Structure formats: structure tokens, C-alpha cells
Amino acid sequence: MSIKRAVSSLPSLAAGMVLAVAASLSLSGCGQKTETGDGSQIVRIGSVAPLTGPQTHIGKDNENGARLAVDEINAQGLELGGRKVKLELLGEDDQAEPKTATIVAQKLVDAGVVAVIGHLNSGTTIPASKIYFDAGIPQISPSATAVAYTAQGYKTAYRVMANDAQQGKALGQYAVGKLGAKKIAIIDDRTAYGQGLADEFEAAAKAAGGEVLAREFTNDKATDFTAILTSIKGKDPDLVFFGGMDPQGGPMTQQMKRLGLRAQLLGGDGLQNINYLKLAGVDAEGVIASSPGLPIDAMPGGAEFRKKFEAKYGAIQVYAPYAYDAVYALVEAMKRAGTVEPVKVLAELPKTDMQGVTGPVKFDAKGDTTGGAVTLYKAVGGAWQVLETVK
Amino acid sequence: MDIFTQQLINGLVLGSIYALVALGYTMVYGILELINFAHGEVTMIGAMVALSVIGLLMGAAPDLPGLMVVLAGVLVAIPACMLLAFAIEKMAYRPLRKAPRLAPLITAIGVSIILQNAAMLIWGRQYVSFPRILPEARHELFGAHITDLQIAIVALSLLIMAGLWLLVQKTRLGRAMRATAQSKEVAALMGVNVDRVISATFVIGAALAAVAGVLVSAYYGLAHYYMGFLLGLKAFSAAVLGGIGNIAGAMLGGLLLGVIEALGAGYIGDLTGGFLGSHYQDVFAFFVLILVLVLRPSGLLGERVASRA
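Chains Y and Z, in that order, are what the protein sequence lines are.
Mapping of the first sequence onto my numbering: position 179 corresponds to residue 179, and the numbering continues sequentially without gaps.
Mapping of the second sequence onto my numbering: position 144 corresponds to residue 535, and the numbering continues sequentially without gaps.
Note that these hints are calculated values from the structure, not bench results.
Across the chosen pairs, the derived CB separations fall in these ranges:
no.: 1; chain 1: Y; residue 1: Ile42; chain 2: Z; residue 2: Ala478; range: 40 to 46 angstroms
no.: 2; chain 1: Y; residue 1: Ala383; chain 2: Z; residue 2: Leu557; range: 46 to 52 angstroms
no.: 3; chain 1: Y; residue 1: Gln106; chain 2: Z; residue 2: Leu624; range: 27 to 33 angstroms
no.: 4; chain 1: Z; residue 1: Leu547; chain 2: Y; residue 2: Ala315; range: 33 to 39 angstroms
no.: 5; chain 1: Y; residue 1: Lys130; chain 2: Z; residue 2: Leu493; range: 34 to 40 angstroms
no.: 6; chain 1: Z; residue 1: Leu557; chain 2: Y; residue 2: Gly382; range: 41 to 47 angstroms
no.: 7; chain 1: Z; residue 1: Gly457; chain 2: Y; residue 2: Lys378; range: 25 to 31 angstroms
no.: 8; chain 1: Y; residue 1: Ala75; chain 2: Z; residue 2: Leu547; range: 54 to 60 angstroms
no.: 9; chain 1: Y; residue 1: Ala111; chain 2: Z; residue 2: Gln573; range: 55 to 61 angstroms
no.: 10; chain 1: Y; residue 1: Ala383; chain 2: Z; residue 2: Val685; range: 51 to 57 angstroms
Below, computed lysine to aspartate or glutamate pairings styled on EDC-like, alpha-carbon distance capped at 16 angstroms:
no.: 11; chain 1: Y; residue 1: Lys308; chain 2: Y; residue 2: Asp297
no.: 12; chain 1: Y; residue 1: Lys235; chain 2: Z; residue 2: Asp661
no.: 13; chain 1: Y; residue 1: Lys169; chain 2: Y; residue 2: Glu202
no.: 14; chain 1: Y; residue 1: Lys221; chain 2: Z; residue 2: Asp673
no.: 15; chain 1: Y; residue 1: Lys235; chain 2: Z; residue 2: Asp393
no.: 16; chain 1: Y; residue 1: Lys257; chain 2: Z; residue 2: Glu527
no.: 17; chain 1: Y; residue 1: Lys257; chain 2: Z; residue 2: Asp539
no.: 18; chain 1: Y; residue 1: Lys84; chain 2: Y; residue 2: Asp71
no.: 19; chain 1: Y; residue 1: Lys130; chain 2: Y; residue 2: Asp110
no.: 20; chain 1: Z; residue 1: Lys489; chain 2: Z; residue 2: Glu576
no.: 21; chain 1: Y; residue 1: Lys257; chain 2: Z; residue 2: Glu531
no.: 22; chain 1: Y; residue 1: Lys378; chain 2: Y; residue 2: Glu388
no.: 23; chain 1: Z; residue 1: Lys575; chain 2: Z; residue 2: Glu424
no.: 24; chain 1: Y; residue 1: Lys178; chain 2: Y; residue 2: Glu388
This structure is a prediction, so every number in the text was calculated from the model and none was measured.
From the three backbone atoms N, C-alpha and C, an ideal C-beta is built for every residue, glycine too.
Work out the full structure, taking the sequences as your base and the hints as a guide.
What follows is the structure, encoded as C-alpha cells:
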């Protein structure tokens, strides 16, 4: 926490100097852009997400969303400042590991990418954002929702999805206000995402008058939660909130039923996907989870995106439409700048005002999206049903 | 009080799974003094093969009772894992039997990475869910809940351990194994086919791993190409805790590790007033392991170290 504060309170002069140095560095990096036979310039964009490990399916989903956009843009033909440009997406695997994320980020910077779409997890996005900031290249995360990401004061950090403050607040108010939960237990997976969301939830639930009986922890590789769930059962809460992802949420849901917990399970966007429903099976019935943004069918371009995506890659997991919008927001900024030069693209990004498939894409001064709707879903009969959308 | 009972049950079930996998580590170590790091992955392959068979059967004959479908899965997974372990031993370990001890250890890690990636290519990167077809009636036991599956896991591991003990102590093959463990050279002079005994050890361990793999994935409702890694690590720790090379030790170590984890994670938060939380679950288990290694390096029941000249 103190690091975060220290970074955000950096004198703007110093920050400006760093940006200037970074800009000159990235200019020298332009030499690495190659040309194709027909004279068009090849421009590399990085995409980072876990492509191995438990969250692979979501990571691949992000990359596919970005790839769909890149392929479309290339097919239409992109011209910047009178020069033909061909985009090349470099997909990298950060294994959802913060330390791998920084290595991969450096690798992309060294490979001369002009921008990065990613990373998937907050825990990886935050450490990597320092590297992109130092290199002076824009980073747009489709799915990192931790508040800390854009609170660091980096002018290179953007996201196209509502953050955890918005989501956690909506969940906490919903739990106490709508579900009438008085006694609440909270579990998080100790990742920047899970912990951040759980913290925001806890604050909102307490503010709304809920009592937090227990705060338990697990990690993002675990499958056995019987010990913490039994301990929670002893306190008999009305509601259990889980800040984490589906590979843990699935077995956790089954184990709750097996142990005879009566509490309602509530989760964030880590649970609100089809894979969670598969993993939790019949026990998912009645579980409530939220997701930033609108339900895919309520998105302005949702139906069309689904058709295009499923024809190429199969079912959408979660964030693919956001990765897709992130690429378009970036390319729109490149068009306005008339170049791929990161400094000029960065100057154009704050002016973004486009209609994406997920809704309007606009950034505030920190790089957060101004849209920021949160939708609550309930698992009914093996599918997610929309409960309500909170703005 | 029922919370404590429940934590004990949680721990015993978890521990039984560790124990089943630990048996495979301990048998190979007992004979070859090799830590077969690929064993966790063999467990994973067992679960994956069984799940494929279960998926096929459920598609072809949806009316079959769940228990039979899972049994069919296990019956295919066992020979598949046995074959795999036979091949691993022959290709990755046998050529290195006379090499320094570090060499086969490194190959073991290599094999484990190969298996993980092969599984990722074959079954994909997603978590595969285990269909809910096993009877899951819940019983009350001293105020705690226990399901059929949990009872089956504990009972099966006890049975398998007893069977293994009988095999090692009472059969010809078992005697050959014990002889090979003491000295490969002398055993060979006495007419024991050492290569065949070592193969048999790997193959038996793999059969147990296949059963364990299916039980784990049924219990947690999922399987994944990555699942063997942490499971293998914990099981290996269990084997060391009980005394590696010692079959009863593997069982005891597994159960203890499971119970320590469950009780540790369940009570640490409340006992320390929230200062230490349940994220110390793994730390707790490994801390006990370190303690045992420092105070009693041969493990609780004693390592089975062949006396060497």
C-alpha cells in the first residue's frame, strides 16, 4: 500500500522526465519494425495472458478476442499517415505469475511492440505496467480490474472494464441490501484481483450494515477448501463471498454443498463464466456472480461479435469482447495520431470516444473506463440468468 | 465439537489421497533410491484417461449406472498408466541406472514436464469436469457430514495399502523386491531378474496412481493437465514425512499431512486472532515436514535404506 502511495505521489516533474526518456528510447526502438514485400510496415502489438496453467481457457479467450480484431483490421487494410500498416499480434504467456509477467513484458518491449493488450490478471498487469511505463508504450488491459492498476499514476495504463471498486461496491450493496445477508464470510485467493475485490466487497458490505464473521484465504492453485469451509460453517453465515477464479470456485461450490453449508455463495467476474458452471455442476444452482459491463447479448455489438468469434474460436469464455474493443481503441488512437509512434498514440488515447461491442469506450484521467456498469447474474439450470445491471 | 470432527474427516480424506500417491513414490525410492517426480503426472494421466472413457461411455450408453461407468474408466486407466510407467522406466530411467543419482532425478523432472505438455495437447488446457454420476449420499457421523465417496476414498486407500503390504511381505515378487532393495547385485546373483522387478515396481505404483487420479478428480469434480504437480509434491512430502521407502510410513505420512493441513487451515485464523490466516495451509504442512527432517531425518517410521557395502 505504501509503495502505491509513494508512486502516485511522485512529483509530476520527475514523471515527465521519465516519460521523455522513455519516449526517446521507444523512438530508437522503431528501427525494429520490419517491412513486408508489398512495402507495408509491420507493426507489432503484444497480447499477454496466461496460456498455460489453470486459467489457460480465459487467457486464450483474451488472446483470441484481440486476434479477431487484429485480423479484421488487417483484412480491411490499415493506412497511417499515407503508409500501409500491417498489424502483427505477439501472443505471450505470463502463466498468471507476477514474476513471469515482468519477464514477458520486457521481452515484448525488447521485441519492439508499440502497444500491449493485457495482461489478464490484476496480479500480473500491475507489475508489468511499470515496464511498459518505463518503455513509454501504451497498455490496455481487457480484464485487470484491481483499483491499484490505474492508481499508480502511469500515463500508459488503460483498461476497458469497470474496476473492482465499482464491482465490489455493487456486490456488497447487493448482498446486504437485496439478499438481506447479515452475517457474511469472505474467502479470497490472495491474488491482486481476488484480494482487491474481496476488500472492496467487505468495505461495501460493512457500510451497508452487514457483519463480516470470517475472512479466510486460499490460493489460485488450490482445489481443497474443506478446512476453511468447515471453519466458516462453524460460524453459520448467511452468505459466503469468494474473490477468485472459476478453477477454485467450482470445487469450492461442491464442497460447500457436501459440508452442508446453507449460505448463499456470491462471487465476482472470476466465477461468472461458463467454465464455472461446468466445474460446479448441479451445485452451481442459485449461485450469484457479477461481471463488469453488460451481458453479452445486451452489448451493442454483442450478437454480431458472438457470431464472428464463435465461427473462429468456439464459445466465448468471458473477456474476449473487451480484448477486441481494446485493440480497436488502440487502433483508433493510432489513426488519429496518423502514426504508431507510442508517444503520439499515448497523446491520443485519452481522447478515445468510440462505440465498441461492449458499449461506449471512454477513459477518465486515470485511464479507467467511464462506462463502468456491473451486471449481476444467477446460475439457473446450468446457465447464467441476468438479475440486474447496476450503473 | 462437530466442527473438529468435520475437520478430522476432511483431513483424513485428503490424507488418504496423499497416501495413495505417496505409496508410488515410496516404492520406487525403496528399490532404486530414485525420486520419481513423474509420478504425480502419471496420476494425472490416470484421471484424464478415465475421464475420456467415462465421457465416451456416457455418450454411447447413457443408461448405464454411474458406478459402472466410473469403474470402466478406472479399468482402462489402470493398464494405460501401467504401460506408461513401464515405458518411462525403460526409456528414461533404465539407461541411467549406473549414472550419478542426480541424472535420473533430472530426467524425472523432464519426463514430468513432457507428460504435462502431452496431456495439455491431448486433453486441452481447460479444466475437465468430472460428471456427477457417483452416488453421493451424505451421512451424519458424530455431528459431521461424510459422503459415500469420502468413505470410499478412505476405505480404498486402506485396502490398497494392506494389499500392497501383503504383496511385499508374502509373495515371491515381494521377496524379490525386498532383495533388490537391499542389493541389486546380490539379488541378481541369487537369480532375481532385477530389471523385471524394477519394472514391476513402477507398474504397480502406476496402477495405484491411476486409482488415486480417478478418486481425486471424482472428489474435487475436476481434472486438469496441471493437477499432478502439487498433488505429487504433497504426496512426496507425505512419503518423506512417514519415512521414504517405507510403505506404512507413506500411509501414515499421508494421513498426518492431510489432518495437519485441515486442522492448521481450519483453526490458525481464529487461534491467532486473524494475525495468521488460512493461506498458511501449505506452509503449515511443509513446516511440519521441515521439523521432521531436522529432528528425525529418516521420517516418522524410519527410512528404508538398503545397507550398502
